[in-house]
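Visitor: The lines below spell out each chain.
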Amino acid sequence: MIKSKLLNSLTRTLSGIGYRMIERIWRLGAGARLFFLTIFYSGESFKRFHLTLREIYFTGVMSLLIIVVSAFFVGMVLALQGYNTLQKYGSSEAIGVLVALSLVRELGPVVTALLFAGRAGTAITAEIGLMKTTEQLSAMEMMAVNPIARVIAPRFWAGVISMPILATLFSMVGILGGYIVAVPLIGVDDGAFWSQMQANVDFRLDIVNGLIKSLVFGVACTMIALFEGFDAPPTAEGVSRATTRTVVISSLTVLALDFVLTSFMLVI
Amino acid sequence: MNTNIVEIDNLSFGYKGRLLHKGINMVFPRGKVVAIMGGSGSGKTTLLRLIGGQIKPSKGKVRVDGEVVHEQDRDGIYKLRRKMGMLFQHGALFTDLSVFDNVAFPMRELTNLPESMIRDLVLMKLNAVGLRGAYNFMPTELSGGMARRVALARAVALDPNIIMYDEPFAGLDPISMGVICDLIRSLNDALGATSIIVSHDVKETFLIADYVYFVANGEVAAEGTPHDLMQSTLPFVHQFVHGEKDGPVPFHYPASNYQAELLGHKSAK
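In the order they appear, the protein sequences are chains E and L.
Using the working numbering, read the first sequence as starting at 494 and increasing by one per residue.
Using the working numbering, read the second sequence as starting at 549 and increasing by one per residue.
The following block holds chain L by itself, in its conformation from the complex (with noise of 0.2 Å):
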């Protein structure tokens, strides 16, 4: 067996005329919690949803569990996915159903198993989340980290082996960004699986992750253990650990000179 269940390989992607991966580079080994980091814009995002099937690389290749996700057919992609969970941004939970339906869903659609079997996995989830009292809430009834943490127990319903977050701490009080910290690691050892999380809060991914890669300008700028990239001297890891407001990321976007700017437009007056 591979020791990497995901494999990025030379990938290139782009859309309306702007590249924004130029041959990238990622393997994410078993059992592991991988990071991907970067500015606003990179193209984080965008990597999962490559590694997911929902777009097509313009050159290069991406390997899940041995198998070219983009020259799956439509049975194959979805064959793929049901090793897959994805926790999205803002949980995307399905809003006409409760939460105990929400982590039943996948269950209901993809399995035979019987409603009083679904009904016991479905309060182990949210039990493992700690909401298996806020069972028969709706989505609209919780909060944002309560929400968060049902999309999770969505996510590994059907224990998957490769779990992806996407900016799983974005918008999160300090608390439910420890309780999400905590459970994304738990779980990922819990069910054996690799995660896949796209964050640019470096505390808490630092906190958990056992590799990271720094994505800038389309490439893989950096990469290594936490404890590598908090010592590392290249200024552009410097300057995201950090949080330096200046440095190769600049403040000021590229703008003509100012005085000439004010002057120009009162002479002009």
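Chain E on its own, in the form it takes in the complex (with noise of 0.2 Å):
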């Protein structure tokens, strides 16, 4: 009788580990068919740019305030933080070095690509999801218009376009902030706060790769918030989870990949 319970307990723990494991890998599936069906249909998002454009709007332009402020506090904390240790060697004057190199090979994108995630992407997966709920999908379906071409291929376009442009802004408006608390508060010499910062920058090893960092984050996350929208159940809790999902699993595929890029990148 203890033998038989025993069996049927690990029969249903097996079988429950083999069907998640089985959904996880039909979802991926599914998400990377989105993706190509996506890029497949993307004459559209190009042929009538102002799709596109209305859709850079609501996710770069109104992620704007987030990102600028959170920069600013990110630059400033990195000068404290950065000056506390470096004026125990006698190197202050490499803050600028410091605050330039951190921001714009690793956290500009990351943390921009994080915030991206919690704003921008939970608002297209959140749309995407209702409009599923609402019929508006099915809608236009039966009116012969494909919705990947007409509502998730301009979304795409729009999170890999604005991503790194706020990666940019936010590694500018740290450096501002880092500056701001260096110099004028602190007291670092001027000079050798930009001067450094010049010599030691390197615009392929550290700024390009910052942006081809924030290009890839861009497609992540913005793929992840369309299919988690699409592939939500259509109802209420459904995208609650669906939005839930799209936050955690882009933080943690943006974390994945920074470290995946960054060592081929010190590798090359």
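Quick caveat, the hints were computed from the structure, so don't treat them as lab data.
There may be inaccurate statements among the hints.
[Unchecked claim] Pairs of lysine to any residue residues, derived as SDA-like cross-links and limited to a Cα-Cα distance of at most 20 Å, are as follows: (1) L:Lys564 - E:Pro726; (2) L:Lys627 - E:Glu634; (3) L:Lys604 - E:Glu634; (4) L:Lys627 - E:Asn639; (5) L:Lys564 - E:Arg520; (6) E:Lys540 - L:Pro662; (7) E:Lys540 - L:Arg656; (8) E:Lys540 - L:Glu663; (9) E:Lys540 - L:Asn660; (10) L:Lys564 - E:Glu516; (11) L:Lys627 - E:Ile641; (12) E:Lys540 - L:Met655; (13) L:Lys604 - E:Ser631.
[Stated by the list, open to error] Rough simulated footprint, nothing fancy, chain L against chain E, three-plus residues with beta-carbon under 8 Å: (14) 625–631; (15) 637–644.
Glycine included, C-beta positions come from ideal geometry on N, C-alpha and C.
Fit the two chains together into the complex; they arrive one by one in their own frames, and the hints show the way.
Guide: Here's what the structure looks like:
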């Protein structure tokens, strides 16, 4: 009796694990399929660029406030913490280099992507999920209008275009925040701050690599947001869970991709 | 030209191991208003989705204007759908577009008409449903009945041959119901279209339908003109048409013996 109960419990556990694994692989496949269909039907997004421009406004321009404010504080904290450590080794004049390299190589692309996922990503997921729930996507299909070409692709390209621009702005404002703390507040030499930065920040190795990272993060975060909305069950609970999944999966994906890309960039 | 614009031939459909339709046969003649009625969960809306090519049948064929719907590729299905208009249960208006832009949407997406002509056509469609004065409202500013009428204007924007209605009377007040009823009939006759109505509102549907199919247990349980069905002595049709509480569709969902369940619960305590 105990043996059979144990066996039943083990069987249930194993089949539960198997079911969850199969479901995740299925979702990965469905996500990849949506990605390829989005690229395939992207012609409309560029032929009728006003559709994409509208989405750039909602995903990019509307995210400016949170990006700029966050960047400012991140830059200030970097300068504070950086100075605290550097002055022990008599290298406080390198504070500009520290702030710039940290932002341009890592914090700019990564923090921008995390903020983007939290603000714009959840908005995209909720919007697409609600369009599905209220049968707007079905209505489009029945009108012989491809919802992937009309709804998904413009939002995808808006995210891909917005992310590097937002990441660049993040780095610029962060450097400004670092400057304000380092020079007028702490008293680091103005000339040393900028000249060291100019000498040690490389365009290809630092700035271009940072832009490549932000582009990859843009593709990942936007596609995750779109897929979660498109695949969400058409109920209030379904849409709410989808928006949570967007933030969690986007964040983990960005951090994992950051490690992979950084490894490749350091080798190359 | 075939007198029937839509033909459902020995159709079977099911999912998750449950067969929803078993060998259904229906025809929808050109220019007529045909209703599909039945209880909740009988697969009426699924039939509309099969006609529209959103899902594929397990067996049998659905033909629209002579073409088998589920054998078409994506371009073929879109070509067929340009002959169709559909009114969804809650309207399915695009919430980020105004009333005007909602009705103009299919014209802008599927035709190369100049904006001046689109403007005139949109105003004509809105006038036909009595909402020309509301052209600049957003969908959130509309009542349920108004939203349904705008959705109807959008469904007939390109003068389709087939107009499908999914529960067009659900949740409407009596006046709005009467308006939608009248619009369905008048638009059908004005456009020379074929209307397929899925509904379980007997009074309104029987007022405008030329022919009615009753679907139950995955089959066509009865069919005929509204007059024939009102006189029908078939138990299911009689219960449905007269709204009787009990009959072939029982009031109680299958359960164990009531007394035994109560007493069993008390002795367990």
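Visitor: Take the hints in turn and mark each one as holding or not.
Guide: Going down the list of hints, with the structure as the test:
1. With a C-alpha separation of about 16 Å, the suggested pairing of L:Lys564 with E:Pro726 holds against the 20 Å cut-off.
2. Between the alpha carbons of L:Lys627 and E:Glu634 the distance comes to roughly 12 Å, so the proposed pair stays at or under 20 Å and holds.
3. Annotation: proposed proximity of L:Lys604 to E:Glu634 holds, straight-line Cα distance about 15 Å (limit 20 Å).
4. As the CA atoms of L:Lys627 and E:Asn639 are separated by approximately 12 Å, the hinted pair is consistent with the 20 Å bound.
5. Between L:Lys564 and E:Arg520 the CA atoms are separated by roughly 19 Å; this keeps the pair inside 20 Å, and the hint holds.
6. For the hint linking E:Lys540 to L:Pro662, the alpha-carbon distance of about 17 Å falls within 20 Å, and the restraint holds.
7. Taking the CA atoms of E:Lys540 and L:Arg656, the gap is about 14 Å. The hint holds against a cut of 20 Å.
8. Distance check on the hinted pair: E:Lys540 and L:Glu663 sit about 18 Å apart at the alpha-carbon level, within 20 Å; holds.
9. Our distance criterion of 20 Å between C-alpha atoms is met by E:Lys540 and L:Asn660, whose separation comes to about 14 Å.
10. Among the hinted pairs, L:Lys564 with E:Glu516 is consistent with the structure: their alpha-carbon atoms are about 16 Å apart, no more than 20 Å.
11. With a CA separation close to 17 Å, the supplied pair L:Lys627 and E:Ile641 stays within the 20 Å bound.
12. With a C-alpha separation of about 17 Å, the suggested pairing of E:Lys540 with L:Met655 holds against the 20 Å cut-off.
13. A threshold of 20 Å between alpha carbons decides the hint, and for L:Lys604 with E:Ser631 the separation of about 15 Å falls inside it, so the pair holds.
14. Residues of the region 625–631 of chain E lying with their CB closer than 8 Å to a CB of chain L number 4, which satisfies the three-residue condition for coverage.
15. Proximity of the region 637–644 of chain E to chain L, defined as three or more residues with a beta carbon under 8 Å from a beta carbon of that chain, is established by the 4 residues found.
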